[in-house]
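**Student:** Chains as they are written, first to last, in this note's numbering: chain A, 89 to 396; chain B, 860 to 1221.
Possibly wrong hints are sitting among the right ones.
[As the list claims (entries may be wrong)] Only part of the chain A face toward chain B is listed, based on derived beta-carbon distances under 10 Å:
#1 S161
#2 G162
#3 F164
#4 S244
#5 V259
#6 G261
#7 P318
#8 S321
#9 L326
#10 F362
#11 G363
#12 S364
#13 E371
Just so you know, the hints here were simulated from the structure itself, not pulled from any lab data.
Don't be surprised by glycine CBs; every beta carbon is placed ideally from N, CA and C.
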Amino acid sequence: MVIELITQQIPLVLNALFLASVLFLLGTGLSIIYGMLNFLNLAHAAFLVLGAYVASTVVTQIVGVFGDTLGTSGLFIILVLGLLIIVPFIIAMVGLTMEQTIFKPIYGLEDDYQLLATFGVILMMEDGMKFIWGGQPVTASAPSELLGSISLLGGSTYPLWPIFGTVLTMVIGIVLYYFFEETRLGKITLAMAEDDEIVGVTGINTRLVHLQVYVIGITLAALGGALFIPNASMTSGLALQFVILAFAVLVIGGLGSLKGAIAASLLIGFTRSFGSYYIPQLELAIVFILMAAVMLIKPTGLFGDIKA
Amino acid sequence: MVVDKINEAGGILGEREISLDEYDENTEEVAQLYRRLATQDDYDIIIGFVSSANALTVGPIAEELQQPTIIWDTGTTELFDDAVTDPQYLFRTCASSSTDAVGAALVLENALTDIETVAGVNQDYAYGRNNWNLFSQAVEAFDIDVDIVEARFPPFGNEDFSSTVSALNDSNPDFIFSSLWGGDLVNFMTQANDRGLFDDTLPCFSGGTHIFRDAPDQVPDGLLFGARGPHVPYGGFGWNSLHDNFVSSFESRYGESPYAHGAFHAWQGIYAYVNAIENAFNASGVYPDNDALVKSLEGLGFDTPSGFLNIPEGSHNAIEPSFWGLSDSSGENLALTDSIWIAKEQVNPPVEQTTEEWLGNI
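Chain A on its own, in the form it takes in the complex (with noise of 0.2 Å):
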């Protein structure tokens, strides 16, 4: 009965990371975005959307070209290189023509009028993706089948796709805490965090580092949708889906703070599948009561300050 008990709770608690393995790539862009750059860009988590847009024309694409000329692990191989530099490097420049189009402008305004113009953002990107990929689901399921499955304990079978992401994404988190923690740019972009115009009177180029750091936010946006898309499938007007969740990591985890993104990815993700599991009639509120709790207990979020 206990081992029943313990093995049920096996694929829970993976569902859970690669969850918060999305969340994480999602939140912690616009957490170091805001934090950074003093943009409240709500219309960050389209570009996860449109990541995972552009994710399934890729795998079709590559699918399409290589087929089955490259065996299995070669042809995965491709594909995981094609959701990790192709993918991100095609948003990551759709949102720069973006930032010097339509954000720029919005930098110095108020919090509320930037939410107000990027939700208008978020409707035009939404009828684009759908101009452009139509109103009908779209997948992208090759790499997940190519990975295969594994039994776990008590005969239940897994996908190794969400252990896959789950441990990518572990990486990419390791690497975003050695950049804040020990390079230069990333010291500088703290440093403009906590001023920006002094950092500005050293001779730093700041709007060079602010592009940098917008780049590296929608990258990661890019990539939790290249991650999530091959165990899922994306539809249009899910991305307002994705937008309370990005927003609940900045709001729990607190704002700027790669811990804090770190610390409510895991929140919500545990809470979220444990939540839908054991009490699924909360499934749409426990994100939200989780954020109601983290704000009447701390209202500046986990790790409500600006620091890596």
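Model the placement of chain B on the given structure of chain A, informed by the hints.
**Tutor:** Positioned in the frame of chain A, the structure of chain B alone reads:
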């Protein structure tokens, strides 16, 4: 496509072309949109609505404004059981969810007698709840010897079904009834396939054949599908020439097969209107006004690509047979084979009863 074909042939009665304007029902202000179309824009007929919530919203307004309206795809039985109980101007030209949910229960009773445990996964909104309520009521009403071990209602528009799939895996049902559709169905299927849910569980998707188009690689052979009536391009048995023409026209125009039942429902909605006008004109020699049009819609029957469709006398809701088949990728096109047909009278209430009253009195 359907309107273009009618117009190419000269229009209604061969002389009046249909002027068609399209609006998106996915708006927060569907009531305002509907009122504007009915009053300011003065359309002869308003045809549409997929969303149960939207149909339940506009139904009473159609009666209030005396606007002939055809609901072509919404399934919820609440439309005529609760929202509009004495309809004059509102019609539905597709089967209600009774056809799907009661039909699934009858499949259990008649064709899957070795099933012992049943679970449900349906979206948490009017359509999903309505389907599960009808299915579980039908299981009880027909005294089907199964245990319902799990009922899940994930939110509509959900990105993550992993916990729902884990819960279904742990309750290990023999059979799952599901009215999931759209992106939710594709997400659920993808995550369920990956987690081996269908290894020893037979799922039954009452309106999910659109996944044959959206994600064909996610459809293993041998899963049970319905199509909200007999609305499939391939499988079943010999179809009439209307079916073959419709499928080939659809494929040549859109480059894909009409796997989504909505395409067939759209055909039915438009031709219900056309047939009602032509019948009224042929009977009176006068082009019908609103009252004559709705009178002509009552008791209407006509051939469709899915067989004969009729709106019984005294009802404003078309009835259709319940149709089921097993997914089969062995042929040129994904199809439903080993089909099961259940007569329309067996899956719909008599005209004078609501679905709940009918199921309560069996």
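**Student:** None of the hints should be skipped; say for each whether it holds.
**Tutor:** Each hint tested on the structure:
1. S161: violated (20 Å)
2. G162: Constraint on A/G162 not satisfied, violated at 20 Å.
3. F164: violated (15 Å)
4. S244: holds (6 Å)
5. V259: violated (22 Å)
6. G261: Check failed: Cβ of A/G261 comes no nearer than 20 Å to chain B, outside 10 Å.
7. P318: holds (9 Å)
8. S321: holds (4 Å)
9. L326: With a closest approach of 6 Å, the A/L326 hint holds.
10. F362: Interface hint status for A/F362: holds (8 Å vs cutoff 10 Å).
11. G363: With Cβ-Cβ at 8 Å, under 10 Å, it holds.
12. S364: holds (4 Å)
13. E371: holds (6 Å)
Consistency with the previously given hints fails for numbers 1, 2, 3, 5 and 6, ordered from lowest to highest.
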